[in-house]
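Take each chain as given, in its own frame, and dock them per the hints.
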Amino acid sequence: MIVKEKPKAFYDTFERKGAGEKVTHYCPGCGHGTAHKLIAEVLAEMEIQDRTIFLSPVGCSVFAYYYMDTGNIQCAHGRAPAVGTGIRRTRKDAILISYQGDGDLAAIGTAEIIHAANRGENLTVFFINNAIYGMTGGQMAPTTLEGQKTLTTPLGRSPGRDGHPIGMSEVMASLKTPVFIERVSLSTPGKVLKARKVFRKALENQVDRKGFSFVEVLSPCPINWKMDPVEARKWMQDQLEPLYPVQNFRDHSEIPTPADDTLPFLNDAALIELLQTGGSVPEPPSTSEKLEQRVKIAGFGGQGVLSAGVLLANYVLARGYQATWLPSYGPEMRGGKANASVIFSTREIGSPVVAHPNVLIALNTPSLVSFEQDVQPGGLILVNSSLIKEKVSRKDVEVLEIPASEMAREGGVLATANIIMLTIYLKHRDLADIRILKGILPGSVKRKEAVDLNLRMIDRALEYYERMFS
Amino acid sequence: MSENVKQLIKGNEAAVYGALMGGATHFFGYPITPASEIAQGAARYFTLAGRHFLQAESEVAVINMLYGSAAAGARVMTASSGPGMSLMAEGLSYIAGAELPCVVVDVQRAGPGLGNIWPEQSDYNITVKGGGHGNYKSIVLAPHSAQELCDFTYQAFELADRYRITVIILADAYIGQMMEPVEIPGIVLQGQRKDWALYGDRESRGNLVTSILMDPQLQSEHNWMLQDKYEQIAREFCLWDEVETEDAEYLFVAYGITSRICHSAVEELRSKGIKAGLLRPQTLTPFPQKRLKELASTGRTIISAELSNGMMAEDVDRIFAGKAECERFCWLGGIIPSVQDIVERVGTLARGGTL
Chain G
13 MIVKEKPKAF YDTFERKGAG EKVTHYCPGC GHGTAHKLIA EVLAEMEIQD RTIFLSPVGC
73 SVFAYYYMDT GNIQCAHGRA PAVGTGIRRT RKDAILISYQ GDGDLAAIGT AEIIHAANRG
133 ENLTVFFINN AIYGMTGGQM APTTLEGQKT LTTPLGRSPG RDGHPIGMSE VMASLKTPVF
193 IERVSLSTPG KVLKARKVFR KALENQVDRK GFSFVEVLSP CPINWKMDPV EARKWMQDQL
253 EPLYPVQNFR DHSEIPTPAD DTLPFLNDAA LIELLQTGGS VPEPPSTSEK LEQRVKIAGF
313 GGQGVLSAGV LLANYVLARG YQATWLPSYG PEMRGGKANA SVIFSTREIG SPVVAHPNVL
373 IALNTPSLVS FEQDVQPGGL ILVNSSLIKE KVSRKDVEVL EIPASEMARE GGVLATANII
433 MLTIYLKHRD LADIRILKGI LPGSVKRKEA VDLNLRMIDR ALEYYERMFS
Chain X
5 MSENVKQLIK GNEAAVYGAL MGGATHFFGY PITPASEIAQ GAARYFTLAG RHFLQAESEV
65 AVINMLYGSA AAGARVMTAS SGPGMSLMAE GLSYIAGAEL PCVVVDVQRA GPGLGNIWPE
125 QSDYNITVKG GGHGNYKSIV LAPHSAQELC DFTYQAFELA DRYRITVIIL ADAYIGQMME
185 PVEIPGIVLQ GQRKDWALYG DRESRGNLVT SILMDPQLQS EHNWMLQDKY EQIAREFCLW
245 DEVETEDAEY LFVAYGITSR ICHSAVEELR SKGIKAGLLR PQTLTPFPQK RLKELASTGR
305 TIISAELSNG MMAEDVDRIF AGKAECERFC WLGGIIPSVQ DIVERVGTLA RGGTL
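If you read the protein sequences in the order shown, they are chains G and X. Using my numbering, the first residue of the first sequence is number 13, and each one after it goes up by one. Using my numbering, the first residue of the second sequence is number 5, and each one after it goes up by one.
Isolated chain X (complex conformation) (with noise of 0.2 Å):
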């Protein structure tokens, strides 16, 4: 068949077929709303593939799961939301310290708590900012489609195995649930074998995977060295798409689905004579901070639009550091903004009035 084949399929499944093409060998998984279409995906396709797909008893068994098979060389993956997340948080701490290869797709549901199953962006402290104890990062993806999902989790096993280090792919109930029109890459790939894991061989006999350096001087080492890896992956890797940036007198910084909705906004905005723009970020961490000061500086108006309390505007805001005028457009709850309230509230800034 001809590498231009598409397909209509939700973003969940999207990321199976991404990961398959990716070489990912194994999916260990447990169902949550609105995630659980990626584990029924991986028992389907992992199996028919000849790969592995394994459902635990829970999410702290899946990501322990995935530290033992990424020690053991395999390139792993899994998918929650939210509360699936929290509990994940210790095991994804212990694969940072011991800098495993792993990728996990979050489907971002309201919260806290059990919340509701519609979609937030109230994931994004706890991927973007580490999640479990510990100074560690993660790299965290964010799509805005079924194509960026197929695509980020494709890429994320490549940069996993690069640095060491787990790759997030940061979704919503509405990326993950809506279906697109999804174009395969047309290369499999696969991992090489890693000199620092366990195969059960005579070769990697003398290795340890461990986070544990009792050892003040040498956790202080290790954690520098973390450090390093981190401001590297800055240097070397991130991604973002703008939408009429260059003119625009009200700039959106919006990921995910409210990326769209804010990309429907512009449109609008402009046919109504308002110059807006979107800065949508492909990747959280690293935030695209140094496009986002060169656009801050000529004293646009930048709009920090996500269906959370703030928490990536704290990012903006404080990349701006007081130089651009910053406003907040959050909604919580599984509340999903419409177009028309977006268009509306940039018509009363525009007309010099408060929100």
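Bound-form chain G, shown alone (with noise of 0.2 Å):
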């Protein structure tokens, strides 16, 4: 085929580039303006065009935006993968086009092409590999032949201090999930017309939704291979392409397409909806007197400690109060302890940490050991009598002692001592509201079938604080 025509993907003149309106800025004999050309031809003869989104990366080829008549988006460097994956969840039908070059995709890149490879992400990557760092001016890339002198090889690449040089082809072929995996050679004229072929079909497949294509480009790059093209190209053949074999890898492409794993949509009442899910209107407080309780409830990881604290935070919240709740954080959460911190109150709540608790749950012996010093003069401390065998040695404050894990284990489930404790702690203090507590309670618990026995135990607690405390 004899091109005569510069390919309409093309800008007719390159206006972005200031200086030099029509010609490149690519040195002369390097692979880029072959690679380039196949591309845009390739994108006009299947009319996707104006669906293309081509990412360019940090390297020579910054700057295919000045050539490439597409839409462009220029990424950072070993990122065009994340950046190419980001936009692909955005517009399912944009055509991404994601040109690396070795330095790019091979080093700095790695994690970024190897997961996009995995996630099957539907893009065509161009991997332009010419053994060597081209914008920054000839230093070792992870392809760099063994021997190979560059500026930071001035030796030659030693596979003792640099390692080997990596096929990137091969690693691809390692994953899964890549539909199509080629390598071509920009050597020779008919190697050119074979690529020219492949890079067609790389980009088929993403039209046709198949999933990621990789196209390994072997390309010359004469001036830091410190030689003139011809030699170049006879280098490649020489050298560059018994390491990189030239052969297709992997070919999918007949597979069936996954399944399209569209979400369903959701109008703006049902989202809502969805977010009010267990939420409530509060009542409003049903008294003008201030009120601030600052409870702390504590035990051993397994009581419900965090679960009773939400449960209250909850309940007050639906009676109109101002709450907080605020999961252990300190020193005492080693060994299996657990506490919740909540405040509610008429007001503005401030600090939501509770260093001075005017309540104490305390559900095991180190709960109590640990806080009991810590309650206000005048506070209540609840103590789980089953568990704690000690007395509250403090005269300043008010206890009551309930068998809560036995009477939980008489009820069926070790468990809900926490309701119980709860339950009189709100009877106590005349907080209780027992059919908003009830209203409240199904949605904090979260094994279902366990929601009648935990409101029997507020009934049973309630009992039992009619019996002993009133």
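In short, the hints are calculated from the structure, not lab data. Any given hint could turn out to be false.
Short, incomplete list of chain X residues facing chain G, as computed with Cβ under 8 Å [what the hints assert, rightly or not]:
id: 1; residue: Ser73
id: 2; residue: Leu163
id: 3; residue: Ile339
Computed list of lysine-lysine pairs in DSS-like fashion (alpha-carbon distance at most 27 Å, straight line) [what the hints assert, rightly or not]:
id: 4; chain 1: G; residue 1: Lys238; chain 2: G; residue 2: Lys49
id: 5; chain 1: G; residue 1: Lys104; chain 2: X; residue 2: Lys276
id: 6; chain 1: G; residue 1: Lys29; chain 2: G; residue 2: Lys49
id: 7; chain 1: G; residue 1: Lys302; chain 2: X; residue 2: Lys276
id: 8; chain 1: G; residue 1: Lys104; chain 2: G; residue 2: Lys29
id: 9; chain 1: G; residue 1: Lys302; chain 2: X; residue 2: Lys279
id: 10; chain 1: G; residue 1: Lys203; chain 2: G; residue 2: Lys213
id: 11; chain 1: G; residue 1: Lys29; chain 2: X; residue 2: Lys198
Quick reminder that beta carbons are idealized off the backbone N, C-alpha and C, glycines included.
What follows is the structure, given as structure tokens:
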């Protein structure tokens, strides 16, 4: 095929470039010009130019947007596959071309290319492998050949010091997800024509939403190889191609495409309903009296300490109080201990930290030991007397001893001791509205089959309170 | 359901609710304590709501996914904490250079390095002063409650789109982890088509998203344009809250969890007859410096209280330029001051003592 005119996917003049409006910025004999032309021709041929977004990398081809009359985005070094992922998840119909060099893709961007490939992002990657860093002036790349002299391997690349050259197509082929992997070369006109077919195939795959296609392009860099263009092409055939075999590694394009993962649409009303699930309209506060309760609920993991705090906070919220809930933060958390701080108040709550509770609900011995001295004078301590044999030594606080674990065990589930303690606390402080408490409880119990049992434990606690304390 | 429905949720979860109501369409995330519930909440609620959630391989990838998605016209967000913010610095700089609208929630933990997961406010400099390379700023909002985490995240997408800027919501481990009643905003917002974005269609074909300007003259013009934009934002948008400031002899300047503790300290000090007050910046960039200057002119003692080594205090000092006395109350490593601690220190100052 003889191409007589500039492909339509190229700009006619390179206005973004400023000086030299008709010539490219690439060096004589460089492979980028050829690779660009192949892409531009195929885009025009396939009539997908309007849909295409070209991802320019860091490297010589950072200025691909001078030439490509498509949507253009420039990416940080190595990050084009992540940027492409972001666009792909936003624009399903866009055609994305990630054009990366060997420093970009095989060094700094290894993580991004591997994971984009592994997710099977529907994009086409052209990986330009010229065995050297071009833009920064000829340093070692991961693909630099053993013994090859560069600015940073002045004596030649040493596998013992620098590692062996990486074959990225081979690495890609170790992943299950990529649909198409092929290595091509630009060393001879015949190979360029072959490359053109591969480029087209890799883009067709994307149009057909097949998934991730990877084309490694062996490409000359005569200036940094310190050769003339003719020598450079000979060197490619003699040195580069034996190490990086030109071949197809995978073509799964005939396999049916994965199912569309389009998510269901949710209208505004349905979204609001979803986000308000579990919420309630608080009742107006029943009293104008100032009230502030600073409650610490403490025990060991599995006693429902944090969830009892959540239940309490939800309950007082429904009663029209301000509320905060804070899980345990501090050294006492070690050894499986847990505590929740709940503040509720008729006024705005400042610090959510309960350093000096006026209510301590102690579910086990370490909790009582840890926090007894912190309780404010005149405060209330509820002791789970089933597990705590020690007596409260403070004389300036009120103490209620409740055999909560025993009652819970008799009721059938040990983990309901928290509900018993909480109910008795609310009752004792004249804060219990059982209708509201029972209404809130189902939303706070994780195991739905345990709801009825927990509701019964509220009644049991009330009955116990009447019997023992009133 | 009524708009006045309140529910008890974690601050982190409130950020997700605010985001969905604010029109966020894409969340890219990577887990990190104490911000993980935001990614988890997004995974659940974004997916249920037909929006998009993706867990990336790293924070580096996350921020570049934001870059791509924002460039393609979406309302995008992520959430992270100190170490993750460090990894995102590169991408945030590119986003600033390319002027893309993005929303990032930073639930601060203690550093440097891996540090620990308790609250610090030591990401102040890397969020307020830029964070990545180059001369740029973000809008930084500092919530003090779960409700504000919801409201600020809601508002952030409109701000980000209006100014083509990154909006950072700077919370901390306590504000993110505590549960409080939250009422979601009444109206679901959504973004408009952006004439500069890449839609992968004929109309947007000529568009270019880039941050590279090789010509120093062009880079200079671009950078000065960015500075003008930041000044414009400072003129148009600044939020703060005040508690008992008018006659305050001791004025706390504090944000986030510290402001909550100072608020309690103000009440305690007032009950002891010491005139204390609180100025709480809700935007750290722009900083409410005009209001602070007004308050500083009356010879009161200003106390910058924060969980850092004085990052905000340096800005407060600069605003006063020697016109007022500025004390620094600083805590590091995840230590949370008690109200009593603060009250005692101010008491010492009031008796003419030194700290």
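A quick look at each hint next to the structure:
no.	hint	in the structure
1	Ser73	holds, 4 Å
2	Leu163	violated, 20 Å
3	Ile339	violated, 10 Å
4	Lys238(G) - Lys49(G)	holds, 24 Å
5	Lys104(G) - Lys276(X)	violated, 64 Å
6	Lys29(G) - Lys49(G)	holds, 18 Å
7	Lys302(G) - Lys276(X)	holds, 19 Å
8	Lys104(G) - Lys29(G)	violated, 31 Å
9	Lys302(G) - Lys279(X)	holds, 23 Å
10	Lys203(G) - Lys213(G)	holds, 15 Å
11	Lys29(G) - Lys198(X)	holds, 25 Å
In terms of the numbered hints stated before, the structure departs from hints 2, 3, 5 and 8, listed from lowest to highest.
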